[in-house]
Amino acid sequence: MRIKKGDQVVVIAGKKQDKGKRGEVIKVLPKKNRVVVQGINLLTKHQRQVQAEGRTINPGIVKLEGPIDASNVMIICKKCNQPTRISISREGDKVMRVCKKCGGLID
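As numbered in numbering that gives the first Met the number 0, residues 0 to 106 make up the sequence shown, in order.
If you're looking for bench data, these hints aren't it; they were derived computationally from the structure.
Only pairs whose alpha carbons sit at most 25 Å apart, straight line, appear in this in silico DMTMM-like list of lysine to aspartate or glutamate: (1) 4 to 92; (2) 44 to 64; (3) 78 to 106; (4) 3 to 64; (5) 4 to 106; (6) 4 to 68; (7) 18 to 64; (8) 26 to 68; (9) 4 to 23; (10) 31 to 64; (11) 14 to 64; (12) 3 to 92; (13) 44 to 68.
Every value quoted in this text rests on a predicted model; they were computed, and no experiment measured them.
Could you put the whole structure together from the sequences, leaning on the hints where they help?
As structure tokens, then:
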């Protein structure tokens, strides 16, 4: 996958309330081709009170980020600050991600 944990991305497709929002990638799920983005695709979970190993988890309604497909997000270039596609360039044994718009390095 060309998207990594910690990248800034913008949502280009999906739920209407999430479309156009920017966020940071929290988790990458390469086997399912999905990413979890901070503040995007919020799911509501009703948490029961659980007691495990001497700790108590408080009950209540919890908001969690759900995974979205990696094709629905575009990475934001740090140099030109715009959503862009990524190309891969190799120099010897080094692999670098390059912005298609400005030619700047992502990594």
